[in-house]
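**Q** If you want the building blocks of each chain, they are given just below.
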Amino acid sequence: MDISLLQLIGDEAVLQGFVAEFSTVSLLGIITVCIVLLSKGADWMIDGVVDIAERTGLPKIVIGATVVSLGTTLPEAFVSVMAAYMGNPGLALGNGVGSIIADTGLIFGLTCVLATVPVNRFILNRTGWVQIGAATLLVAIAVIPLLRGDAEPTLERWVGFLFLLLLVGYLYITYVWARQGSVMVMEEGEEDSSHELMGVGKCWLLVVGGLVMIVIGARMLVPAASQIALRFGVPDDVIAATMVAFGTSLPELMTAIAAVRKGHPEITVGNIVGADVLNCLFVIGAAAVAAPLAIPENFYYFHFPAMLIILFSFRVFISVNRSGVFHRWQGVWLLAVYTVYVILGYALNVGSAHLV
Amino acid sequence: MKILLATDGSDYADTALEFLLHFPFPGDSSVILLAVIDERAFVDAGSVELTQAQSDELHAVRNTVREEAQAFLDAAAQRIGERGWEVTVQLRSGNVTEEILAAAEESAAELVVIGSHGHSPVGRFLLGSVATQVLMYALCSVLVVKQPEAGRPQPGTEDEHWRLLLAYDDSAPSHKALELCASLSLGDRDAVEVVMALTLITGFRQDIRQRMNPVWQQKKIAARATLDGAVVKLRGSVPEVTSRLREGASSSHEIIAAAEAAGSNLVVLGSKGKSALQRFLLGSTIGNVARHAPCSVLVVREG
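Protein chains in written order, with the working numbering: chain P, 97 to 452; chain U, 3 to 305.
Think of the hints as simulated: they come from the structure by calculation, not from any bench. For glycine and all other residues, C-beta sits at the position ideal for the given N, C-alpha and C. Some hints here could point you the wrong way.
[As the list claims (entries may be wrong)] What follows is a set of in silico ranges between Cβ atoms, one per label pair, in the way DEER data are often shown:
id: 1; chain 1: U; residue 1: I223; chain 2: P; residue 2: G295; range: 29 to 37 Å
id: 2; chain 1: P; residue 1: V304; chain 2: U; residue 2: A104; range: 57 to 65 Å
id: 3; chain 1: U; residue 1: D172; chain 2: P; residue 2: E252; range: 36 to 44 Å
id: 4; chain 1: U; residue 1: I223; chain 2: P; residue 2: S415; range: 23 to 31 Å
id: 5; chain 1: U; residue 1: G238; chain 2: P; residue 2: R217; range: 41 to 49 Å
id: 6; chain 1: U; residue 1: I223; chain 2: P; residue 2: P155; range: 54 to 62 Å
id: 7; chain 1: P; residue 1: G295; chain 2: U; residue 2: D76; range: 53 to 61 Å
id: 8; chain 1: U; residue 1: G265; chain 2: P; residue 2: V129; range: 43 to 51 Å
id: 9; chain 1: U; residue 1: I223; chain 2: P; residue 2: V264; range: 31 to 39 Å
Work out the full structure, taking the sequences as your base and the hints as a guide.
**A** Written as structure tokens, this is what we have:
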């Protein structure tokens, strides 16, 4: 089949057709490569943007609260926006909701099992409530058209704009909270060899290069994942909520593992809670703006309940942990819920061949 | 101190001997000088029919190698005797690393001293295979002696005072390392710098968020207090003690950078005794430091 590179990039039908030619194993390989591109691209972009931001004199607190947090959610955001744009709302929503479940269930659960995570009341009494509030708002907004009796419940564009507006508010208030809750002072006689500013050219190269990698990764991942869903006989949202969500949550996972290895598990609380908020407001918000998202039936009896179970469990644990740390059994519970969710996702749909 | 010095007659072994002779051990030491000949190269396995002449040649070469080893052992023993230390000589045959480790265990040595390379230093390897394995598997402390940088004199002499770098993390092994430093007979112009490294998660620039966390601030305060405590302990016996708190992606990198910045001629650190799996999953600070440090490295272990 004679296809030009431009057609491949620009024409979705051509891209879908091209992807369909590959064997299942090759497709899984392509998905893996895309996931690596997404993670590495995000890493580069963050490196570049942070250095540029530091050069402009932006305080580290602002950078930490905005750039670094948004940066690790870039893979999810680009994939969901790309999926929405390419007319695959199940994948777009599934990735967003699945990432929340993966972050809290798998990543935070794993961290609690491997290390002692302190209950950071400052973060959990602020961002923690935004986390559960945003997710509940999403479910509430999604349920309204269902209750109204709509034939095809949809997350309209205005919901996307609302979420992005809330995102801006959230970023601002995160900055305010960060200023209240931290002291970032470099003192005399200290050596900070952790990071030297790079040349401006290199910064921009990293930003642009990283962006290109993310876009390519997302562009290839969406049709490949959709194709895999077809071959496995599961809906797109299940593949998105499990395989794709896991892949796009790789930055959070790698950070959590590094945190445990280096003996600093305390940063995981803020990272995961923040990521959950961003997955809701940034990822799903941006995707809904790109294109209105028709909500597949699956979400009402599977994805949304699972997400709420995990998030409310998390909330309960915070309230009952008098000793000031998360307990190992709580990590086991979160991991178990995640595992059951993944297994059921495939088990419930085998043979149904319900496809977008 | 009971010391085992492994030598092969190479320049590196000579450097190790000189280092040892100048090291400010408290009181007298006894030294077991050990050379190992791998005689497997000279074995007539009988799989090839050798003529009488060839067989004789093989024996002759083996004997020559033994004589050479005995010769450099005797020369080294004499130098140690001049220092006033008790010395015994051992010539063993077999696998070099295994024999060194066995000899160390049998003699209950407290310290094994070994040169970083042997007779065939392959440029790309920062540490020879024998030194690497002895460092990892010995049950006692190990001192790996590297060639000093070009033009730099032997430490412990008039032109080069001891500049020790003690890598400290308040763990039990690092306490032992500190005790060792405190027990040394250092002179007025010798110095010890105590370094503590706090690790940062630099992937995705999470170090920025990490530093914003109040727990990080608490860790820094605690680290400074620990360092101050270490300095106090050392001041009793060491004339010049300084301390430094470093932050970076890896503790081994910070230790090496500190050694370079301070112009150290010896890095001292405790061994946590990690298993092979732990070393694989968590990394080996000792391995990294031993390979990349700009100077000799002393790894302190409980005997």
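**Q** Work down the list of hints and note, for each, if the structure agrees.
**A** Hints, one by one, checked against the model:
no.	hint	in the structure
1	I223(U) with G295(P): 29 to 37 Å	holds (35 Å)
2	V304(P) with A104(U): 57 to 65 Å	holds (59 Å)
3	D172(U) with E252(P): 36 to 44 Å	violated (58 Å)
4	I223(U) with S415(P): 23 to 31 Å	holds (30 Å)
5	G238(U) with R217(P): 41 to 49 Å	holds (43 Å)
6	I223(U) with P155(P): 54 to 62 Å	violated (22 Å)
7	G295(P) with D76(U): 53 to 61 Å	holds (59 Å)
8	G265(U) with V129(P): 43 to 51 Å	holds (47 Å)
9	I223(U) with V264(P): 31 to 39 Å	holds (35 Å)
Comparing the model with each earlier hint shows violations of hints 3, 6; every other hint is respected.
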